[in-house]
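Asker: Here is how the chains run, residue by residue.
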Amino acid sequence: MDSDKEKKILEQSKTNPLDFEEIFDSYYPRIFRYILYRTGNPDIAKDISAETFYKALNKINTYNSDRGSFSAWVYKIANNEINYYFRKKKYEPASYNAAIEEGGFAEPQAKVDIENEFIEVQEEMAKNKDFLQICEAIKNIPQIYQEVITLRFLENKKISEISMILDKKEGTIKSILSRGILKLKKYFSSRKRNVF
Amino acid sequence: MEEKDIIDKLKKARLPLFSLKATGKNVKKVIIGVESKKEIIYIPEYLKILTAAAAGLFFLTMATYYVVDNMDKGNNFNKNGGVWSTYSDEQEGGNSMVWPPPASVTGNDFIMSKPGFAGEKYAVRVTGVTGTKLGLNYNYFGVVNRFSSDSSCPKCIGVNIEKYNGIMFRIKGKITSGKLYFILPYEGSDCLPERLTCKSLTNYADYEKDITEEVKADWTMVVIDFRKDLIQPYWTPNNAVVPIDKVLENVHLFKWQFKNGDGQVVDFWIDNVRLF
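From first to last, the protein sequence lines are chains A and B. In terms of my numbering, the first sequence has 179 at position 179, counting the first letter as 1, and numbering is strictly consecutive. One gets my numbering by counting positions in the second sequence from 1 and adding 196 to each.
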């Protein structure tokens, strides 16, 4: 979706939530994957993604494209939720669950499809040994390095966008990035067996 | 392990983007469903401020967004009383077929279909097959929406919509070959009673946009900027070239026209037509 079209749809979403669908379809897989990188857990990634998008649509009126891209805005919401999960060591998508209760929505016929999707996610995770090793390594470095390294190298975000997502200066991001790589280097060097 | 090896390993650790259609569908249904019920929350901040500050300015701002039709009533008229109807090349001697049947053939009203976008209420659904009798570009069928009750024959009165930037609508369907165009016709005030239409001022060389690629199995939103996205066809005669703003000053109708199919059934749905 080009940025002009995205801006128009976002503006329309402020008055008509139905218009948010295309934005959701475009960002949901990316946000889910980012959360999966950070947590290594598809179930948690599903819950945090749902909460992230609930909050994004609920607060869409506060989004201002002059202050940054929607992408950075929605990653920032996801990041806050991930941090909450790490602080509490558990996660409950509270607003999203309340919305289910409020609306009485359920679609049990899609349950098999959802299970199949999660099997696919788990298979992809299991067959990528680099992913498994990086996931383990990243858990062993402080959170700020996890965020920056994941956004830069796994999500392939530019420094400028990471700076917007994390509300830090670009110079700071670069510095965190290089220190984070050193921490990963140290982690892998400290392991007795060869991980490659 | 060197730093570059770490970076290589990070890049190799990337996972594909998972489609997650079923998972996403459920989430979407919940969040959009709940938020749709809270219309009051979605009054934009700037409108609230304007309401308090100056009612006149408020209405001026509101006027830049206009619902042509959301098909909620399920009848054959848009919000402005403009009628929906289908047409085909049959009047030119062609053998294309379209459903719902053109009013000129049956005398019947256009039939709205269920369900509309997001499973709600109604939408415009058109199915048909282009014929083979008239040659490339001349086999066609489509659907029109007259902008208002007065823009049909015999009045043929156009409406000035130049303050709007464009039109947006939802679409879905199946098109395996051929092209679907959104067309902004330019008509005059003369009624052609034998064809139940107003006279074209461009000999049908109207501003258009190919929207075939936007038609998918799921609903997508088409956003057309009148001034950036619409062009007159390459075969437009010199005497039919007209500035887009002149067309926007005198709009009678919108058209969705399919042509050049290969005998396959074409099916497309339209919902939530709005000017912005």
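It is possible that some hints are incorrect.
Within a straight-line C-alpha distance of at most 30 Å, the following computed DSBU-like cross-link-like pairs (lysine-lysine) qualify [claimed, not checked]:
{"id": "1", "chain 1": "A", "residue 1": "K89", "chain 2": "B", "residue 2": "K451"}
{"id": "2", "chain 1": "B", "residue 1": "K217", "chain 2": "A", "residue 2": "K5"}
{"id": "3", "chain 1": "A", "residue 1": "K8", "chain 2": "B", "residue 2": "K207"}
{"id": "4", "chain 1": "B", "residue 1": "K221", "chain 2": "A", "residue 2": "K127"}
{"id": "5", "chain 1": "B", "residue 1": "K208", "chain 2": "A", "residue 2": "K186"}
{"id": "6", "chain 1": "A", "residue 1": "K7", "chain 2": "B", "residue 2": "K375"}
{"id": "7", "chain 1": "B", "residue 1": "K310", "chain 2": "A", "residue 2": "K89"}
{"id": "8", "chain 1": "B", "residue 1": "K329", "chain 2": "A", "residue 2": "K5"}
{"id": "9", "chain 1": "B", "residue 1": "K208", "chain 2": "A", "residue 2": "K76"}
{"id": "10", "chain 1": "A", "residue 1": "K55", "chain 2": "B", "residue 2": "K224"}
{"id": "11", "chain 1": "A", "residue 1": "K111", "chain 2": "B", "residue 2": "K317"}
{"id": "12", "chain 1": "A", "residue 1": "K129", "chain 2": "B", "residue 2": "K208"}
{"id": "13", "chain 1": "B", "residue 1": "K200", "chain 2": "A", "residue 2": "K186"}
{"id": "14", "chain 1": "A", "residue 1": "K90", "chain 2": "B", "residue 2": "K451"}
{"id": "15", "chain 1": "B", "residue 1": "K310", "chain 2": "A", "residue 2": "K158"}
{"id": "16", "chain 1": "A", "residue 1": "K127", "chain 2": "B", "residue 2": "K451"}
{"id": "17", "chain 1": "A", "residue 1": "K168", "chain 2": "B", "residue 2": "K221"}
{"id": "18", "chain 1": "A", "residue 1": "K158", "chain 2": "B", "residue 2": "K317"}
{"id": "19", "chain 1": "B", "residue 1": "K200", "chain 2": "A", "residue 2": "K129"}
{"id": "20", "chain 1": "B", "residue 1": "K442", "chain 2": "A", "residue 2": "K55"}
{"id": "21", "chain 1": "A", "residue 1": "K174", "chain 2": "B", "residue 2": "K224"}
{"id": "22", "chain 1": "A", "residue 1": "K8", "chain 2": "B", "residue 2": "K200"}
{"id": "23", "chain 1": "A", "residue 1": "K8", "chain 2": "B", "residue 2": "K217"}
{"id": "24", "chain 1": "A", "residue 1": "K158", "chain 2": "B", "residue 2": "K208"}
{"id": "25", "chain 1": "A", "residue 1": "K8", "chain 2": "B", "residue 2": "K224"}
{"id": "26", "chain 1": "A", "residue 1": "K76", "chain 2": "B", "residue 2": "K405"}
{"id": "27", "chain 1": "B", "residue 1": "K317", "chain 2": "A", "residue 2": "K139"}
{"id": "28", "chain 1": "A", "residue 1": "K111", "chain 2": "B", "residue 2": "K412"}
{"id": "29", "chain 1": "A", "residue 1": "K88", "chain 2": "B", "residue 2": "K451"}
{"id": "30", "chain 1": "B", "residue 1": "K200", "chain 2": "A", "residue 2": "K5"}
{"id": "31", "chain 1": "B", "residue 1": "K368", "chain 2": "A", "residue 2": "K139"}
{"id": "32", "chain 1": "B", "residue 1": "K221", "chain 2": "A", "residue 2": "K59"}
{"id": "33", "chain 1": "A", "residue 1": "K55", "chain 2": "B", "residue 2": "K455"}
{"id": "34", "chain 1": "B", "residue 1": "K224", "chain 2": "A", "residue 2": "K90"}
{"id": "35", "chain 1": "B", "residue 1": "K208", "chain 2": "A", "residue 2": "K8"}
{"id": "36", "chain 1": "A", "residue 1": "K5", "chain 2": "B", "residue 2": "K424"}
{"id": "37", "chain 1": "A", "residue 1": "K111", "chain 2": "B", "residue 2": "K375"}
{"id": "38", "chain 1": "A", "residue 1": "K7", "chain 2": "B", "residue 2": "K359"}
{"id": "39", "chain 1": "B", "residue 1": "K412", "chain 2": "A", "residue 2": "K7"}
In case anyone wonders, no lab produced these hints; they're calculated from the structure.
Asker: Each of the hints needs a verdict: does it hold here or not?
Answerer: Hints versus structure:
1. A:K89 <-> B:K451: violated, 56 Å
2. B:K217 <-> A:K5: Status holds; Cα separation ~22 Å.
3. A:K8 <-> B:K207: violated, 34 Å
4. B:K221 <-> A:K127: holds, 27 Å
5. B:K208 <-> A:K186: Since the Cα atoms of K208 (chain B) and K186 (chain A) sit roughly 19 Å apart, the hinted pair holds (cutoff 30 Å).
6. A:K7 <-> B:K375: Roughly 27 Å between the alpha carbons, so the hint for K7 (chain A) and K375 (chain B) holds.
7. B:K310 <-> A:K89: Status violated; Cα separation ~46 Å.
8. B:K329 <-> A:K5: Violated, at about 39 Å.
9. B:K208 <-> A:K76: holds, 25 Å
10. A:K55 <-> B:K224: Between K55 (chain A) and K224 (chain B) the Cα gap is close to 12 Å, so the pair holds against 30 Å.
11. A:K111 <-> B:K317: With Cα atoms ~26 Å apart, K111 (chain A) and K317 (chain B) stay inside 30 Å; holds.
12. A:K129 <-> B:K208: With Cα atoms ~9 Å apart, K129 (chain A) and K208 (chain B) stay inside 30 Å; holds.
13. B:K200 <-> A:K186: Roughly 13 Å between the alpha carbons, so the hint for K200 (chain B) and K186 (chain A) holds.
14. A:K90 <-> B:K451: Judged against 30 Å, a Cα distance of about 54 Å means the pair is violated.
15. B:K310 <-> A:K158: violated, 45 Å
16. A:K127 <-> B:K451: The hint is violated at about 51 Å.
17. A:K168 <-> B:K221: violated, 34 Å
18. A:K158 <-> B:K317: violated, 43 Å
19. B:K200 <-> A:K129: Answer holds: K200 (chain B) to K129 (chain A) is near 18 Å, not above 30 Å.
20. B:K442 <-> A:K55: violated, 44 Å
21. A:K174 <-> B:K224: Measuring from Cα to Cα gives roughly 36 Å; hence the hint is violated.
22. A:K8 <-> B:K200: violated, 41 Å
23. A:K8 <-> B:K217: Given pair K8 (chain A), K217 (chain B) holds - Cα atoms ~24 Å apart, limit 30 Å.
24. A:K158 <-> B:K208: Judged against 30 Å, a Cα distance of about 18 Å means the pair holds.
25. A:K8 <-> B:K224: Holds, at about 20 Å.
26. A:K76 <-> B:K405: violated, 37 Å
27. B:K317 <-> A:K139: This hinted pair is violated, its Cα atoms lying about 49 Å apart.
28. A:K111 <-> B:K412: Holds: K111 (chain A) and K412 (chain B) sit about 24 Å apart, inside 30 Å.
29. A:K88 <-> B:K451: Violated, at roughly 56 Å.
30. B:K200 <-> A:K5: violated, 38 Å
31. B:K368 <-> A:K139: violated, 44 Å
32. B:K221 <-> A:K59: holds, 20 Å
33. A:K55 <-> B:K455: violated, 44 Å
34. B:K224 <-> A:K90: Holds. K224 (chain B) to K90 (chain A) sits at ~23 Å (cutoff 30 Å).
35. B:K208 <-> A:K8: violated, 36 Å
36. A:K5 <-> B:K424: Holds, at roughly 13 Å.
37. A:K111 <-> B:K375: violated, 37 Å
38. A:K7 <-> B:K359: holds, 19 Å
39. B:K412 <-> A:K7: Holds, because 22 Å separates the two Cα atoms, which is no more than 30 Å.
Violated hints, listed in ascending order, are 1, 3, 7, 8, 14, 15, 16, 17, 18, 20, 21, 22, 26, 27, 29, 30, 31, 33, 35 and 37; each of the other numbered hints is respected by the structure.
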